[in-house]
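Student: Sequence:
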Amino acid sequence: MATLTRNLFHGSSERHFELEVAGDWPDDVDGWLFNVGPERTAPGGHWFTGQGMLCRVGCRPDDRGRIAVDLRRVETPISKLRDAQPDLFRRSGVQEVSPFGFTNFANTNVQSIGGRLFLGYDVGRPVEVDPETLEVVTPVGANAEWLVTLPAPVEPMIAVAAHPGPDWDENALFFANYQNIPIAPDRHIRLCRWDLEGEIEHWRIDDVPHFDSIHDVKVTRSFVVVSDLPFVVEPFGPDPTRPRRAVADVTNIWIVRKADLRATPPGAAVPHRHLTVPMMGGHMAVEFADDGRELTLFLTHHPMTDLGAGIEPGERGRFTGEAIDADYEGLPEIGNQPSGIGRYRIDVDAAKVVSAKVAVDPERFWGGALFTQNHHLAASRERPGNLWVSGVGHDPGLVTERWWRTYAEVHENVFVAPRDFPGVAVPGALARFELDEPRLAELYAYDGGAFPHPPTFVPRIDCRHDTDGYVLVFVHRDGDKAIDVFEAGEIERGPIASASAPGFALPLLLHSWWCPKRVGPRPSSYRVDPVQDAWDTLQAFGTDPSAGLGIGRSIFDRIR
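Counting in the working numbering, the sequence shown runs from 1249 upward without gaps.
Wrong hints could be hidden among the right ones.
[Claimed, not checked] Between beta-carbon pairs, the in silico distance windows are:
1. 1685 with 1334: 52 to 62 Å
2. 1334 with 1419: 35 to 45 Å
3. 1275 with 1657: 18 to 28 Å
4. 1392 with 1612: 47 to 57 Å
5. 1767 with 1599: 51 to 61 Å
6. 1684 with 1773: 36 to 46 Å
7. 1457 with 1539: 40 to 50 Å
8. 1612 with 1791: 19 to 29 Å
9. 1443 with 1560: 40 to 50 Å
10. 1249 with 1710: 48 to 58 Å
11. 1510 with 1687: 32 to 42 Å
12. 1271 with 1772: 34 to 44 Å
13. 1684 with 1513: 32 to 42 Å
14. 1564 with 1599: 15 to 25 Å
[Stated by the list, open to error] In silico EDC-like cross-links for lysine to aspartate or glutamate, where the CA-CA straight-line distance does not exceed 20 Å:
15. 1600 with 1710
16. 1600 with 1690
17. 1328 with 1266
18. 1765 with 1376
19. 1506 with 1539
20. 1506 with 1376
21. 1765 with 1454
22. 1605 with 1497
23. 1765 with 1455
24. 1605 with 1690
25. 1765 with 1266
26. 1605 with 1710
27. 1506 with 1542
28. 1600 with 1538
29. 1506 with 1460
30. 1765 with 1690
Hint data in this document are derived by calculation from the structure and do not stem from the laboratory. The model shown is predicted, which means the values in this text are computed figures rather than measured ones. For glycine and all other residues, C-beta sits at the position ideal for the given N, C-alpha and C.
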């Protein structure tokens, strides 16, 4: 029997909460914590499938000592069409299709820069949201500014890595845009730069090897770094009669010099370097400071984490032989390996890793998925000293027979071979990894099947060093959920405060970001007219509709 809490997908929809505080909530913090993820009020379907739900937490208690939490659905133009014509929309695996195109759920990542807030999704354009009203302001870029994987009348399939790379020097964002299905005619990557105001510039990265998807972009003073994510997508949904392809066991890294971007006309192929790192990587961090020759890259490693395969109805546990509880349906098997942090020093021109060290604790820390760092302090962006990582733990009762058939004999580029899995649960935990000589410095474990997810670093008002602040986590547990606060440099001490309320049922969300409260109006007039954009897209689609209609028809035929 599984021990992980079943209170995963029984979340609230749009709602305002005022949480009561137990303990000593810090009085030297301010600003907003934003977290986004799929709107889920009940189990069923893959975790990543669902319109974005944006959560905003006021980090400073109000006059009554309560913590304000607001949940707001991300209302994009395509979601409004779904609300008006729900029967026209069909979901399959992690995709939703309709006669209008492919739904952009806007449910994966939060990025703040220049006093503005952006949401990312791996199969759709980024969107800007007003941090005060939580309303959608505009998509980033018209459809015609992006490389389209599959055309559609209103919302084409556009693959853009959910994590853009913020360029703190230039107040710009870098994106990776690509075609992400095997039948796509052109397997190149578009490296895109946006100055937050005008049209998106792009350059081609040609001659790319096979990759499953691209999820993350990071920027240093001299380089732009792109990494893939072994996310195997089954376009027509899971088929239990066919074997599943295992995720890749290496991480592809592409590096482009900013100087080469400046010297290359937009639209042309830009010189780049490609290398692979043994072992699957999930998310990146970088030292923004570099010497122009080498860069330092940090990778989270969680091998054999098959994010594209959520637990299906009726699936049986490998070790229990029993059907897995329906409350877990849609949860990817993210707890089947310890989680590590790799520190890689890369000679860019040689496309070579010159030093590598991976920190991991197979006894105590499994199922790490998301991390946070001190983005607020310039010195911490230059050379981050710590990452705080949340882990769901390892639950033998959630190892499915299907996962076992795919991965049981995979013994290379992993931390623990499946045959050596522990027979008892490893609890969910919050860990702090030091980065200079990477090591797991401290850890706080939860009990009763609870786990923290995700972590967010919140700086003290006069933050002076890398750990000068707090880490806030959402605690997923049986009953009412909570927000726990940790001293950033004293994780093992446990939470110094916790906030909750009757009925506080935050959905299982994804990435988060802290930012100061905005003072004054939105510092931009940038906006893509949705009506004009839809008309232009329809016009372009009408010139050659056969490809999009053919794909759409085949999808409907398979999922009806």
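Student: So, for every hint listed, does it hold in this structure?
Tutor: Hint-by-hint comparison with the structure:
no.: 1; hint: 1685 with 1334: 52 to 62 Å; verdict: holds (54 Å)
no.: 2; hint: 1334 with 1419: 35 to 45 Å; verdict: holds (40 Å)
no.: 3; hint: 1275 with 1657: 18 to 28 Å; verdict: violated (55 Å)
no.: 4; hint: 1392 with 1612: 47 to 57 Å; verdict: holds (50 Å)
no.: 5; hint: 1767 with 1599: 51 to 61 Å; verdict: violated (44 Å)
no.: 6; hint: 1684 with 1773: 36 to 46 Å; verdict: holds (44 Å)
no.: 7; hint: 1457 with 1539: 40 to 50 Å; verdict: violated (28 Å)
no.: 8; hint: 1612 with 1791: 19 to 29 Å; verdict: violated (58 Å)
no.: 9; hint: 1443 with 1560: 40 to 50 Å; verdict: holds (44 Å)
no.: 10; hint: 1249 with 1710: 48 to 58 Å; verdict: holds (49 Å)
no.: 11; hint: 1510 with 1687: 32 to 42 Å; verdict: holds (39 Å)
no.: 12; hint: 1271 with 1772: 34 to 44 Å; verdict: holds (39 Å)
no.: 13; hint: 1684 with 1513: 32 to 42 Å; verdict: holds (40 Å)
no.: 14; hint: 1564 with 1599: 15 to 25 Å; verdict: violated (45 Å)
no.: 15; hint: 1600 with 1710; verdict: violated (39 Å)
no.: 16; hint: 1600 with 1690; verdict: violated (31 Å)
no.: 17; hint: 1328 with 1266; verdict: violated (29 Å)
no.: 18; hint: 1765 with 1376; verdict: holds (16 Å)
no.: 19; hint: 1506 with 1539; verdict: holds (13 Å)
no.: 20; hint: 1506 with 1376; verdict: violated (25 Å)
no.: 21; hint: 1765 with 1454; verdict: violated (41 Å)
no.: 22; hint: 1605 with 1497; verdict: holds (17 Å)
no.: 23; hint: 1765 with 1455; verdict: violated (43 Å)
no.: 24; hint: 1605 with 1690; verdict: holds (18 Å)
no.: 25; hint: 1765 with 1266; verdict: holds (19 Å)
no.: 26; hint: 1605 with 1710; verdict: violated (33 Å)
no.: 27; hint: 1506 with 1542; verdict: holds (14 Å)
no.: 28; hint: 1600 with 1538; verdict: holds (16 Å)
no.: 29; hint: 1506 with 1460; verdict: violated (26 Å)
no.: 30; hint: 1765 with 1690; verdict: violated (31 Å)
Against the hints set out earlier in the document, violations occur for numbers 3, 5, 7, 8, 14, 15, 16, 17, 20, 21, 23, 26, 29 and 30.
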